[in-house]
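We have chain G; now place chains E, D and R onto it with these hints.
4 protein chains.
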Amino acid sequence: MKEIVYKRKVNFYETDAQGIVHHSNYPRYFEEARGYFLEKNNYPYHIVRDELNIDIVLLELSVKYRKFLQFGDTFEIKTKVNIENKYYFFFEYEVLKDNTLISTGYTKHCCIKKDSKKLTVIPKQLLEIMKR
Amino acid sequence: MKEIVYKRKVNFYETDAQGIVHHSNYPRYFEEARGYFLEKNNYPYHIVRDELNIDIVLLELSVKYRKFLQFGDTFEIKTKVNIENKYYFFFEYEVLKDNTLISTGYTKHCCIKKDSKKLTVIPKQLLEIMKR
Amino acid sequence: MKEIVYKRKVNFYETDAQGIVHHSNYPRYFEEARGYFLEKNNYPYHIVRDELNIDIVLLELSVKYRKFLQFGDTFEIKTKVNIENKYYFFFEYEVLKDNTLISTGYTKHCCIKKDSKKLTVIPKQLLEIMKR
Amino acid sequence: MKEIVYKRKVNFYETDAQGIVHHSNYPRYFEEARGYFLEKNNYPYHIVRDELNIDIVLLELSVKYRKFLQFGDTFEIKTKVNIENKYYFFFEYEVLKDNTLISTGYTKHCCIKKDSKKLTVIPKQLLEIMKR
Numbered sequence: 125m126k127e128i129v130y131k132r133k134v135n136f137y138e139t140d141a142q143g144i145v146h147h148s149n150y151p152r153y154f155e156e157a158r159g160y161f162l163e164k165n166n167y168p169y170h171i172v173r174d175e176l177n178i179d180i181v182l183l184e185l186s187v188k189y190r191k192f193l194q195f196g197d198t199f200e201i202k203t204k205v206n207i208e209n210k211y212y213f214f215f216e217y218e219v220l221k222d223n224t225l226i227s228t229g230y231t232k233h234c235c236i237k238k239d240s241k242k243l244t245v246i247p248k249q250l251l252e253i254m255k256r
Numbered sequence: 125m126k127e128i129v130y131k132r133k134v135n136f137y138e139t140d141a142q143g144i145v146h147h148s149n150y151p152r153y154f155e156e157a158r159g160y161f162l163e164k165n166n167y168p169y170h171i172v173r174d175e176l177n178i179d180i181v182l183l184e185l186s187v188k189y190r191k192f193l194q195f196g197d198t199f200e201i202k203t204k205v206n207i208e209n210k211y212y213f214f215f216e217y218e219v220l221k222d223n224t225l226i227s228t229g230y231t232k233h234c235c236i237k238k239d240s241k242k243l244t245v246i247p248k249q250l251l252e253i254m255k256r
Numbered sequence: 125m126k127e128i129v130y131k132r133k134v135n136f137y138e139t140d141a142q143g144i145v146h147h148s149n150y151p152r153y154f155e156e157a158r159g160y161f162l163e164k165n166n167y168p169y170h171i172v173r174d175e176l177n178i179d180i181v182l183l184e185l186s187v188k189y190r191k192f193l194q195f196g197d198t199f200e201i202k203t204k205v206n207i208e209n210k211y212y213f214f215f216e217y218e219v220l221k222d223n224t225l226i227s228t229g230y231t232k233h234c235c236i237k238k239d240s241k242k243l244t245v246i247p248k249q250l251l252e253i254m255k256r
Numbered sequence: 125m126k127e128i129v130y131k132r133k134v135n136f137y138e139t140d141a142q143g144i145v146h147h148s149n150y151p152r153y154f155e156e157a158r159g160y161f162l163e164k165n166n167y168p169y170h171i172v173r174d175e176l177n178i179d180i181v182l183l184e185l186s187v188k189y190r191k192f193l194q195f196g197d198t199f200e201i202k203t204k205v206n207i208e209n210k211y212y213f214f215f216e217y218e219v220l221k222d223n224t225l226i227s228t229g230y231t232k233h234c235c236i237k238k239d240s241k242k243l244t245v246i247p248k249q250l251l252e253i254m255k256r
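Chains as they are written, first to last, in the working numbering: chain G, 125 to 256; chain E, 125 to 256; chain D, 125 to 256; chain R, 125 to 256.
This is chain G alone, in the form it adopts within the complex (with noise of 0.2 angstroms):
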């Protein structure tokens, strides 16, 4: 499957008191990371949202870190989707500064309907995607 690698800077306000990005930022570039895996993948969330009728929900997040990320640095994170069964999927993450891995992720997800909030299987339309 096709990695998507999304670029990024450090903001000042993501530093702590120790002097380097906040871990509980990883999850937010995460968030970053896969909004910019479907947009290049022509199926932005909000596309997502209003063709599909369906909502991608957050099941699981889990973050290693290695090494930090301090402000100025530029970063990227190289997104992939793994896919369990018709319900659950995974998100992947590896954030990477001058090719030094920083921390790996991963975030699960499965798909609700937008109306009834229930589980639904994941939409062809997003397989697809996923599977490219």
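One thing to keep in mind: the hints can contain errors.
Same chains, same names: a pair is fine if it fits in one copy or spans any two.
No farther apart than 25 angstroms at their CA atoms in a straight line, the calculated lysine-lysine pairs in the PhoX-like style are these [said to hold, decoys possible]:
#1 K131 / K210
#2 K133 / K202
#3 K164 / K242
#4 K237 / K188
#5 K241 / K202
#6 K242 / K133
#7 K131 / K202
In short, the hints are calculated from the structure, not lab data.
Positioned in the frame of chain G, the structure of chains E, D and R alone reads:
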């Protein structure tokens, strides 16, 4: 008008690489303080919304930073209300640590009807609290 | 080992456009909860840093989201420690609202010397707290 | 003085339960915009700190909210500088979406020496950029 004092500790994730509370957290502290103000006056915000069918909108924000806060600091926010006219009112804040003034600020607000989103006069129940 | 219970209310600025607490706030709640854990055991984090001359580093973060929290909700976080070996330990968290499990998670940590930034064994004063 | 235009998309985690960008994100957007301003003028902030040995301190923040931003919106911030005297200066911001004014604001600043933390005059290199 009665002043309400809200007490709070600085969280580590609110600090930045200068080792102090990042300035963008003060608007968040103010939001907590005015929520506490309404609550202490027996009108927590969800009651305001559900009973009075209004939303309180934030129109302006102003903060002056005199001294800084650091991780582990305990501080208090003195909050009071200032009514401009039947539509507009201000919350005014003083942030103090050990009786030293750290910061002052205000937020300007109006009320809108929850359904139509149109400007409406400050409901008299809310006015009473504010004038108490 | 003693479990410590930390109580908290959801702030409005922690919600997102789905009307619930944004998932990236849970790592922040966890940080508050482990700070409270250390404090309740008479070892607030600034004492850890100043007396023991160490920094506690976060290596891993894991969160499972079962249910959600909304603005106005009061919740509690049950925190306990799990020691892996003389270097590594876990904080484990359960987020509950009205005795309903909302989320579980853990963070993995080690200690580094404040000056050299090198990995060091968990200081015995800290171990004692954790084993209590 | 030259105006610099910074472009940005709203991130989902910046929205709140009213479905709009939470007001506390505007100071963060402003920080990004003035960082971009310095960068576009070949004086990124880390150069300011390292070469000129100063820190730029934020003394005041003011924001007026006219309209709101939502998830998925692309907006721009027009930033310019206003010098009050040899010590104090302002960054002034206009937030626009599709040429509609969303918000205006300013931040007031001074320079302090990195070591002594004492107020110092605005370095002439910085003044030159600002006057360009």
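Now for the hints, and whether the structure bears them out:
Taking the shortest alpha-carbon separations for K131 and K210, neither the intra-copy value of 30 angstroms nor the inter-copy value of 38 angstroms comes in at or below 25 angstroms. When the C-alpha separation of K133 and K202 is checked against a cutoff of 25 angstroms, the pair qualifies both within a copy, at 15 angstroms, and between copies, at 20 angstroms. Taking the shortest alpha-carbon separations for K164 and K242, neither the intra-copy value of 28 angstroms nor the inter-copy value of 38 angstroms comes in at or below 25 angstroms. Taking CA atoms no more than 25 angstroms apart as the test, K237 paired with K188 passes between copies only; the shortest distance there is 21 angstroms, against 32 angstroms inside one copy.
Proximity of K241 and K202 under a CA criterion of 25 angstroms is satisfied in neither setting, with 30 angstroms inside one chain copy and 29 angstroms between copies. Taking the shortest alpha-carbon separations for K242 and K133, neither the intra-copy value of 37 angstroms nor the inter-copy value of 27 angstroms comes in at or below 25 angstroms. Both within a single protomer and between protomers do K131 and K202 lie at most 25 angstroms apart by alpha-carbon distance, with minima of 9 angstroms and 23 angstroms respectively.
The structure fails to meet hints 1, 3, 5 and 6 from the earlier list, while all remaining hints are met.
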